Structure formats: C-alpha cells, structure tokens
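S.K.: Residue numbers (our numbering), protein chains in the order written: chain C, 1 to 229; chain L, 1 to 229; chain S, 1 to 229; chain X, 1 to 229.
Because the hints were derived from the structure by calculation, they are not lab data. One thing to keep in mind: the hints can contain errors.
Rough simulated footprint, nothing fancy, chain X against chain S, three-plus residues with beta-carbon under 8 Å [claimed, not checked]: (1) 43 to 49; (2) 64 to 75; (3) 212 to 222.
In silico contact screen, one side only, chain X against chain S (beta carbon under 10 Å); selected entries [what the hints assert, rightly or not]: (4) Leu-113; (5) Tyr-122; (6) Ile-136; (7) Gly-196.
No experiment lies behind these values; they were computed from the predicted model shown. Yeah, the Cβ is synthetic: ideal placement off N, Cα and C, and Gly gets one too.
Protein chains: 4
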Amino acid sequence: MYEELKRAVCEANIELQTHKLVIYSWGNVSGIDHAAGIVAIKPSGVPYDELTPDKMVLLELDGNIVEGNLRPSSDTPSHLELYRNFKTVGGICHTHSVNAAMWAQANREIPCLGTTHADFFYGPIPITETMTAEEIKTNYELNTGKVIVRRFAGMDPLQMPAVLVANHGPFTWGKTPADAVEAAVVLEQVAAMALGAIMINPKLKKIEQVLLDKHYLRKHGKNAYYGQK
Amino acid sequence: MYEELKRAVCEANIELQTHKLVIYSWGNVSGIDHAAGIVAIKPSGVPYDELTPDKMVLLELDGNIVEGNLRPSSDTPSHLELYRNFKTVGGICHTHSVNAAMWAQANREIPCLGTTHADFFYGPIPITETMTAEEIKTNYELNTGKVIVRRFAGMDPLQMPAVLVANHGPFTWGKTPADAVEAAVVLEQVAAMALGAIMINPKLKKIEQVLLDKHYLRKHGKNAYYGQK
Amino acid sequence: MYEELKRAVCEANIELQTHKLVIYSWGNVSGIDHAAGIVAIKPSGVPYDELTPDKMVLLELDGNIVEGNLRPSSDTPSHLELYRNFKTVGGICHTHSVNAAMWAQANREIPCLGTTHADFFYGPIPITETMTAEEIKTNYELNTGKVIVRRFAGMDPLQMPAVLVANHGPFTWGKTPADAVEAAVVLEQVAAMALGAIMINPKLKKIEQVLLDKHYLRKHGKNAYYGQK
Amino acid sequence: MYEELKRAVCEANIELQTHKLVIYSWGNVSGIDHAAGIVAIKPSGVPYDELTPDKMVLLELDGNIVEGNLRPSSDTPSHLELYRNFKTVGGICHTHSVNAAMWAQANREIPCLGTTHADFFYGPIPITETMTAEEIKTNYELNTGKVIVRRFAGMDPLQMPAVLVANHGPFTWGKTPADAVEAAVVLEQVAAMALGAIMINPKLKKIEQVLLDKHYLRKHGKNAYYGQK
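Put together the whole structure using the sequences plus the hints.
M.R.: Listed below in structure tokens is the structure:
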C-alpha cells in the first residue's frame, strides 16, 4: 500500500544526493497522504545508494509505525509535528547543505537580496529561536518541529517553504516531496548568493517589496505567468 | 523554417547547463535573424534535458508568435527590447549564475581588476539603475529591457557584451547565441575572481586603461592577433 | 598475512580521492592490528590510481618494516606515535584538504558552531601548539605525532577524532581506517561551514553545551539512537 | 622530429583542462629541448579537445617557426624570454586559474602560510611589478617575460616555480612540461588555502623559516626523503 507515496519519497531522497546537498546518509525527505494520515520517510542512517521504495517507513501522524522493517529517520518527530500543523504541506526535507547551514549556524535569517530568492521565497528565510535547554534535553526532535511551527505563526508555509533552525540547518517543504527537495536546492543557491552579496557590499539592504511581489507572484498564485500551464 | 536558427538557439541553451550556469529550467538564450526580423527563444519552464530545436518558439520583434506550441520564456519581452535597440547583437543570454548574481544583488558594477576581464569586456561590467515601482508593476520584463538599453546609451554593446540588472542577475550577448553563452561563462569567472581579489585587497583599484586596451584589442577588432584567423 | 588490514587501508586511501580530499599522491591513511602490533600504511608518493592492497607497507610500532617493497609514507612516524598513545584508535588519516587546511594555516581551532559539527566532534577541533625549531629540525614527523599527543592530554581521542596541526593540516582517526576517512570528510564540511558562518556573523559564539551533548550523544555512546542498530 | 617533445607538451596542455585550471582555449603550456634550442608550444585559440601532438608549434628561441601550420600561442614571446633566461627550466605553463588570478589581480604575493605551500614553493609566490605603459604598448608579451625575469634576479627558478604577473595571472614552470602543470595545480590549491586563512585570521604571519626549510627540503634537493627513489 501507498506504493506511489513510497516511490515519490524514495526518489526525492535520492535527488538530495544528485544535487549534492548531502553526503553519506545525511538528510531526509518525507511525504504525506493527508487524507489517510500516513507519512512515508527515509530510514535512519541508510546510504542513498541503497535506498529503494520498500525501505521507506510508513507511520501515522502520532508516530505509530504502520509498515517497514527499518527504524525511521531520527528526525521523524520533527517531520510529524510539521505535518500536524502545516495541512497544505505534502513533503518535507531536512539537510545540512553547506551554504544554508552557514546562515543557520550564524543565527541569521537570509535577507531577500535579489530576484532568485524572490522567485521562490516570499520574504526573508526565517530563522527559529535558539532552543532552550529543556527543549533540547527532552523530546528534542519533537521540539525542533515545535520551534519551527512557533516561528511560522501567522505565516503561510507554502509561501515560505523553508526555515533555518538556529545553530543547525534548513528544513524545506512543498506540496510534494519533490517540491520540498527543489526548495532545498534553491535555498542552497540563494544562501550562497546572499553570502557573496554581503561580502561585496556589507551595507546591502533587502530588495523593495514591489520587486519581491513581482517575482514571487509571477511564479506563484492565480496570476502566475511562468511555465507552460 | 529557420531550422539553423532554432538549432543554434537550442544548442546554446543546453550549453548553459553544460557550463553549470543554470539549474532546473532557469535561464534562457535567444537568437535573431535580423534580416527576417525573427527571434527564436527557449520555451518557458522546460528542463534543459527536454530541449529540442523544434521546441524553440519563433517570434517577430513585436512579440507576435510565428511558430511554436509552447509559451516562450517569460523574459522574452526583455530580449525583444534588446534586439530592437542592439542591431549588431545576434544572440542574448540570461542566467542567475551564482557569482555574477552576487554582484547584481550587491548593486555593484564589476570593476575591471585584471586581464581575464579585459580579454572579453572593454571596461567595468555595468549595473543598471534600480527599477522604479512603476517599471516593476507594469510590463516588468519589457522595462527590464528598457533599463538595460538606457544604461547602454552611447556604448557599443559588442564591446561590452554583459550587464548586471540590479538586484537580479546578468544578461549577456554577442554576435551569435553561442557567443552570448560564452560571455555568460566568462562573466561568471570574472565575477568570482573580482570577489576574491577585493577580499584579499579591499583597496584595490581598476587596472590602467593601457592594459585594458592592450588585452581587449589584442583579441577584438581589426588589430587582433589572438587565435588562428 | 594481514590481507584484510591491507585491503581496508588500501580502500580507505582510495576513498580520499573519491571524496576529493586529495590531489596527486597527497595524503595517507593507515590501519592497525593492535593485538599483533602491526600497522599497514600507504607507500610514499604513489598516485591513488595505482594503489593496490599488496602495495601497502606493513610495519611494527617501532617502525621496523615487516613487509613491503616500497617506502612507507614519509608521515609514518606521526602515525606510529599516535598508535602508541591512542590505544582505541584503529585507523589514522592525514590530508591537506583545503577548508581544514585554511583553519590549520590560520592557527585557529574550529569552534563548534552547529549541529553538523556536534554530530561528529565532541567540542572544538583542537589545534596543536606551533612546533619549536628543535622539534622541526630533528625527527620532525615523530615530533608531529608528539605535539598531537600532547594536545590530547586528558582527552578521549574517539570523542574528538580530529586535530589541526598548526601551519599544516588535519589528522583524523577512528576505530577503523574507513572511520578515519569519514572523519576527514566531515571535518572538511565542518571547516567550510564554520568559515562561512563567521563571515556572516563575525561575533558568533560556540553553541551551548547542552546542544553539543544532545547531538554528539544521540549518535555516539550507549544512549545513541541514530541509525539501524 | 621532436615527437617526444610535442607529445609531452600536448599531454601537459590537456592536463590543464583535466585539472579544471582552464576553460575554452585559455592557458598554454610549452616545453623546450635546450640542447637543440627548440621550443614546442600550444597553438593559439585551439580548444583542448582538439589538441594533438602534431598541432604543437615548434620554434627556435628567437621566435622563428620551425614546424607547424598553426599560429603559436599569443603568449609565445613570454615563454621564449623565460627559456632564454631560465636555463634549468624545461617546461612553462600559463593559466588564468581562478584562485591564483585573485591574488594576481589583488597585486599581492601569496605569503607562505603553511606546509602545503612549503612542500612545493621555497618562499612566498612573488608578484611582478606593474608593467609600465611603454612595456604594455610595445612588445607586450615579450615584456611580460622580461618583468618576470627581472623579478627573479638572484633567485633559482626551480626553487620558486611560480610567479604572479600583476593584474594578470600565474606563470609556472619546472623541469618538464608536466612539472610546470603540476606547479600550476598546486599553486591553485595554495592560493585558495591562503585566501581562506587570511579571512579566518587577518593578522596571520608567514610560517617560520625553519618549517619552510623542513618541508621544502624533505621533498627537494639532495637530502629529500619523500617518494620512492
């Protein structure tokens, strides 16, 4: 069951390696069938070259494992917390991609400095609060999800499909697992461009709202006019 | 019709991916038959691996589509505006290549800091003015072309086959679509070298005009002595 | 004899090239059979493409060559000194990987700025003292080992499987030759992330001990819960 | 005639592309038979994929072409000037490799900041004087050679097989064309490491002479003990 979901999640995980966002078994992608309340996620610590759809682990939203002989990603509680709160999100991705991780480690949001950023992300890439000792000691991965959800209060996660967890790295998401990976790839480019830009011009300010609106909305929403549909 | 033009434009687009200037379906290259007034351009949002000459879209200079089942690149109005004004230009390329985009996002021209730059670009890589809210809101892509043309008043576009659109990224061009892509590749190298150079020596000045003249003119113009012809 | 040891050491050396940590014949990996007191190490100056298990050199811990027609790596005395003092270490790796070497050359330890670092290294990556003229002039490679051992007084080398030799580059290690190479690969990522992070935020401080504990201990030690075992 | 020389020069040129030091037809390598006074060099503007030994151009030291249907590299007069003055040099290489060019464009010598540098280069990588307007306007390539030779007064070119031409890029050399390319590859790594190191620690000083001596002399000269001979 859920063969298509497992296949899509497996393929999206393998894309992480293809796009050089991960080494070894780092990173993970999940997908959800919201109607059924079933999540598929990469198993923990398995190298990408060994991933096949049948190795994906199926869980319910409360963490109960429905299918799979392998342990799910240790980050599973973060994914589940996001799915419980982001009802429009169909896929989630977590990596330690180098450029995005630089910003996460620097505890800085990535300001919107250009149209590459604006084409995909409707504002600065937010950074979470630093987690408290209590949040870290107990239910750390669940609390990682909670700190992200807290940061997104009042925000539409599909308009901002990325977050930097402070001191850690990015989570990205989208309507599908493949979209979540695309957001991770684009975020990595945006993070690299932003670092270079502030080195060239340390006093650089974010772009004007009108330019952000133009680029984001020409690719997203009911007035989009990019692509073939 | 225009088979050779479509083939040249298709090949030049694929070169963007070969040279790692683009990911996904980002970027676009066009070419023109000035005598016929016909432009060929990449379709919008189609991945590079799926590009074939017959998918190129043919348009007249006023934007009227002559041939093609796919929508042309959303940046088509920028290309057309450049062709209407740069009569010697036969191919145009637009990317968000990372190093050039850093400078565009930083709102800084790339000063001519060395002979790699001088071999191809006869002066600093210009940056456009920031576009006004009005220019952005209505006919944005057309106005992107206009702001480039305005920046090139009094300049020979074949002597400076590149521009940085402020907050955005580079457009490059040349006598052919292939030349436009070559300019994009060289610009990316030049942008990387310039960033490193100003980090090593923040007080660095542009090279002397005599050195710029020597390198540019040994490769271009009637006294060139580089290569085999 | 020691076929398995030689095979493991040969494979680990080749991994250095696969992961782009070395060029030409730079770098070296060794492994030890502690029970037998036998070390296998890469021969000196042999390109990676020509490495085969039978070319590995076998030595006793005092440097006496037991098997092999080729001269062992010129860094062999450093390896032997580490094995004599780090009884839990089964493999050692030395490279001049670019990002780690930047920190070594800068004479700076790599502070623990994020969870990628904390997942593998239980604290800042230490840097050795600068070696004295006497230590350099006589028995340089042996003294390189000694200055590392001195830096690790009171430390568990398996909790900190990496060091930066000042002005030089990294040594890494682990339970096996493969683990030593993995530590070198991760160190290179960590070094790159740390450089970017301090460029974005020059006042950046190390992460809290509680976060370091959480990430290191969820992957290492008796309460680890990452992976499949 | 000179088949072996042409083959060695052709192979060394192709190595430039393999090691990603060049794009398009940039860069050039030459070799010399000092006894015969014959130099072989890459033809001008020919892509690397099209290079074959028979396309190499043979010249005498005064620039007289002995064999070859193609025009020699436009940098040929620089190479010849170096061969006329550096009698121990058997191969010369010129590239615009990105990291080395950053330092050349910054008009800064590369200080010796670590042992990777010291293993190959016996001191800081020197930078030439800025060329005068007269030197640039007339016989520019010959004068490029002269400004290098002037910079090396009293120096042994085999102990320092690299130079940065100010505002331009590196020339490297060695006993053979292959050695000249190896120096170019190592220089590129050294340039990258040095840039990172001064960004981490802007007050960084060069390494002590004793460490430079140790590393350089363990690989070069009569007391060398690296490798298999």
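S.K.: Against chain S, is X:Tyr-122 within 10 Å by beta-carbon distance?
M.R.: X:Tyr-122 check fails; min Cβ-Cβ to chain S is 16 Å, beyond 10 Å.
S.K.: Are X:Ile-136 and chain S close enough, Cβ to Cβ, to be under 10 Å, as the hint says?
M.R.: Violated, because the Cβ-Cβ distance from X:Ile-136 to chain S comes to roughly 34 Å (cut-off 10 Å).
S.K.: For the stretch 64 to 75 of chain S, does the count of residues with a C-beta closer than 8 Å to a C-beta of chain X reach 3?
M.R.: Since 3 is at least three, the answer is holds.
S.K.: Hint X:Gly-196 vs chain S: min CB-CB distance below 10 Å?
M.R.: holds, 3 Å
S.K.: Taking 8 Å as the C-beta cutoff, is the stated coverage of the stretch 43 to 49 of chain S by chain X satisfied by three or more residues?
M.R.: Holds: 4 residues of the stretch 43 to 49 of chain S have a Cβ under 8 Å from chain X.
S.K.: Are at least 3 residues of the stretch 212 to 222 of chain S within less than 8 Å of chain X when you compare beta carbons?
M.R.: It is violated, with 0 qualifying residues against the three required.
S.K.: Quick check on X:Leu-113 please, does its C-beta sit within 10 Å of some C-beta on chain S?
M.R.: holds, 4 Å
Going through the hint list in order, the structure does not satisfy hints 3, 5, 6.
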